[in-house]
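Under numbering that gives the first Met the number 0, the first residue of the first sequence is numbered 0, with each subsequent residue one higher.
Treat each hint with caution, since some may be false.
[Claimed, not checked] Using C-beta positions, here's what the derived DEER-type ranges look like:
no. : residue 1 : residue 2 : range
1   : ALA204    : THR260    : 42 to 50 Å
2   : ARG71     : GLU153    : 24 to 32 Å
3   : SER345    : GLU93     : 27 to 35 Å
4   : ASP439    : SER266    : 53 to 61 Å
[As the list claims (entries may be wrong)] No more than 30 Å apart at the CA atoms, straight line, and that leaves these computed lysine-lysine pairs for DSSO-like:
no. : residue 1 : residue 2
5   : LYS263    : LYS330
6   : LYS458    : LYS330
7   : LYS192    : LYS143
8   : LYS263    : LYS69
9   : LYS107    : LYS133
10  : LYS322    : LYS312
11  : LYS321    : LYS264
12  : LYS322    : LYS264
13  : LYS329    : LYS267
14  : LYS220    : LYS329
15  : LYS321    : LYS263
16  : LYS414    : LYS458
17  : LYS133    : LYS220
18  : LYS329    : LYS69
19  : LYS220    : LYS263
20  : LYS220    : LYS107
21  : LYS267    : LYS312
22  : LYS133    : LYS250
23  : LYS192    : LYS250
It should be emphasised that the hints constitute simulated quantities derived from the structure, not laboratory data. C-beta: ideal position from N, C-alpha, C; glycine also.
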Amino acid sequence: MSQKSWFAIVTPEPSNSKKMPLENSPPRVRFAPSPTGFLHVGGARTALFNWLVARTQGGVFLLRIEDTDKARSTDESTAAIFAGLEWLGLDWDEEVVYQASGLAQHQKDADRMLASGAAYRCFCTPEELTEQRKAMTVGKESFKYDRRCDRLSEEERSARLAAGLPFVTRFRVPEGTTEWDDLVHERISFPNKDIEDFVILRSDATPIYNMAVVSDDIAMKITLVMRGDDHISNTPKQILLYRALGVEPPKFAHVPMIHGTDGKKLSKRHGATAVADYQNEGILPSAMVNFLALLGWSPGGDREVMTLADMTKLFSAAGLQKKAAVFDPKKLEWMNGQHLSRIAASELEPLVTPMLVQADIVSESELVERREWYLALIDLLKIRARTTHDMVRQARPYFAARITYDPDSTAKSWKDVDQTLTLLQSARERLSKLHEWRPDSMEGALRALADELGVAAGKVFQPLRVALTGMSVSPGIFEVLEAMGRDLALARLGQAIEHIRPE
RNA sequence: GGCGCUAUCGUCUAGGGGACUAGGACGGGGCCCUCUCAAGGCCCAAACACGGGUUCGAAUCCCGUUAGCGCUACCA
Numbered sequence: 000m001s002q003k004s005w006f007a008i009v010t011p012e013p014s015n016s017k018k019m020p021l022e023n024s025p026p027r028v029r030f031a032p033s034p035t036g037f038l039h040v041g042g043a044r045t046a047l048f049n050w051l052v053a054r055t056q057g058g059v060f061l062l063r064i065e066d067t068d069k070a071r072s073t074d075e076s077t078a079a080i081f082a083g084l085e086w087l088g089l090d091w092d093e094e095v096v097y098q099a100s101g102l103a104q105h106q107k108d109a110d111r112m113l114a115s116g117a118a119y120r121c122f123c124t125p126e127e128l129t130e131q132r133k134a135m136t137v138g139k140e141s142f143k144y145d146r147r148c149d150r151l152s153e154e155e156r157s158a159r160l161a162a163g164l165p166f167v168t169r170f171r172v173p174e175g176t177t178e179w180d181d182l183v184h185e186r187i188s189f190p191n192k193d194i195e196d197f198v199i200l201r202s203d204a205t206p207i208y209n210m211a212v213v214s215d216d217i218a219m220k221i222t223l224v225m226r227g228d229d230h231i232s233n234t235p236k237q238i239l240l241y242r243a244l245g246v247e248p249p250k251f252a253h254v255p256m257i258h259g260t261d262g263k264k265l266s267k268r269h270g271a272t273a274v275a276d277y278q279n280e281g282i283l284p285s286a287m288v289n290f291l292a293l294l295g296w297s298p299g300g301d302r303e304v305m306t307l308a309d310m311t312k313l314f315s316a317a318g319l320q321k322k323a324a325v326f327d328p329k330k331l332e333w334m335n336g337q338h339l340s341r342i343a344a345s346e347l348e349p350l351v352t353p354m355l356v357q358a359d360i361v362s363e364s365e366l367v368e369r370r371e372w373y374l375a376l377i378d379l380l381k382i383r384a385r386t387t388h389d390m391v392r393q394a395r396p397y398f399a400a401r402i403t404y405d406p407d408s409t410a411k412s413w414k415d416v417d418q419t420l421t422l423l424q425s426a427r428e429r430l431s432k433l434h435e436w437r438p439d440s441m442e443g444a445l446r447a448l449a450d451e452l453g454v455a456a457g458k459v460f461q462p463l464r465v466a467l468t469g470m471s472v473s474p475g476i477f478e479v480l481e482a483m484g485r486d487l488a489l490a491r492l493g494q495a496i497e498h499i500r501p502e
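Whenever a hint applies, use it, and build me the whole structure from the sequences.
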């Protein structure tokens, strides 16, 4: 996929918006993670869906770092989120917004509500609140703030204010019902009586989550909020805030959670949950993105293996699922194998080269020198690999001066020492006499040898395979010989003979 | 506890009243191909949570039950 700069500013194009039922004008969407850890697969999927909405409709995909929780936010996490998105190929538009820098606006919006009477000051201390809560819970009733501070007389309120008592700002939830047409769930509705007068500004005047989100989404002119469905219960509060601020709420789309194999919310206990973990495990970004997309979305029909570009043509909110999906690492691996075998060697090369160098198998300069040969080798190895690690593991024999022999393989294919010795020696002799180092001539020579020895061809190929690669698994034997090259292959055979020969 | 969301093979899903003896994919089992392993091909086992409606007809619409999950902070 062609990658634009992260910070490229893309002008919304109002062209093909009519085709998609999601929005009637190009949407402005955002991904808003808090930088308190690495990019989680759930977050990555939310980002992906938002990105897809923007890219399919000529909209804008924005990134907002919700760093208002100073205690837990770190720069490392922010960097990891950028890196994760970049790796997946999800580029964003405009400048990154840092929520903490919007503080003044958050306060301004909250004060506006205070002024308009949509919110009020609450002087209850955390301790008092705990007391009230305790008293309520005893009677089996669920706690809801009883609005006592809203009933304070004018004099009392002024007195407390003058005395400099600390206060929080609470939103006064009006009577009625708050509902919206969710893009994935259709109509969702909450009776306002179940929503308590929630705090929007702490006693230090910093905003609470819902306040900051609404204020930012207004400032960023977000038209569609697409996020995990664990936010459903925040939504009525946010809608109320929009209304109190005199702003039309955006559309909402709540996508289902991702669960672990045990059906519980995906967590550390389920193993790898950060996209970087999968990157390290040799998963291709295209496979990751493909797999994630299918967790909660379907293009309809049987289509499964897709690139980001394909999805850009197929994505529609109509294909979004309501139900939580279980993350199945087995299917991810399969998916990776599919992508691996389809991707061009030239695209794979930048991913594999550093791994090869790091594993100390070969130097980068050698690969540059033999690029054409190297690309052919990648094509050879990618077919039977499920991860890039598999490829690296398989690549060693084509470079290393010496190899080690897998004990299981030698035990199985080199059972009889004398026979093996004879066989390897004859094979080496025949191959060395070949005028041309080509698969068809090798095959002729080796099959003839098998005939003369009166054994099946496999009885020749398999010991040979172990001698050449040290393993019992490899590409076709003639492909191995060809890729290895005459000199290395013959040397390898010599080494194997030495290795087997009794003292 | 309250509120909300959800409910098709073990898993991801197709399905949007008759085309359903419910399709595909992963995983599992078997066979074929074959120099090994993948890939590929073929086959098998495997699901509409339950109970009521609506309808000539329900996996599809409605209600209830059950179960799972989420939220329930001066966290985000």
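How the hints compare with the structure:
1. ALA204 with THR260: 42 to 50 Å: holds (45 Å)
2. ARG71 with GLU153: 24 to 32 Å: violated (40 Å)
3. SER345 with GLU93: 27 to 35 Å: holds (32 Å)
4. ASP439 with SER266: 53 to 61 Å: At roughly 56 Å between Cβ atoms, SER266 and ASP439 fall inside 53 to 61 Å, so the hint holds.
5. LYS263 with LYS330: Within the cut-off at roughly 19 Å; holds.
6. LYS458 with LYS330: Outside the cut-off at roughly 35 Å; violated.
7. LYS192 with LYS143: holds (9 Å)
8. LYS263 with LYS69: Holds, at roughly 29 Å.
9. LYS107 with LYS133: Not OK: LYS107 and LYS133 at ~34 Å, beyond 30 Å, violated.
10. LYS322 with LYS312: holds (24 Å)
11. LYS321 with LYS264: Distance of about 15 Å is within 30 Å: holds.
12. LYS322 with LYS264: Cα-Cα ~13 Å, so holds.
13. LYS329 with LYS267: holds (18 Å)
14. LYS220 with LYS329: Violated, at roughly 40 Å.
15. LYS321 with LYS263: holds (16 Å)
16. LYS414 with LYS458: holds (11 Å)
17. LYS133 with LYS220: Given that 30 Å is the threshold and the Cα spacing comes to 41 Å, the pair is violated.
18. LYS329 with LYS69: Answer violated: LYS329 to LYS69 is near 38 Å, above 30 Å.
19. LYS220 with LYS263: Outside the cut-off at roughly 35 Å; violated.
20. LYS220 with LYS107: The given pair, whose Cα atoms are some 17 Å apart, holds under the 30 Å limit.
21. LYS267 with LYS312: violated (34 Å)
22. LYS133 with LYS250: Violated, at about 37 Å.
23. LYS192 with LYS250: Within the cut-off at roughly 23 Å; holds.
In this structure, the earlier hints numbered 2, 6, 9, 14, 17, 18, 19, 21, 22 are contradicted, and the remaining ones agree with it.
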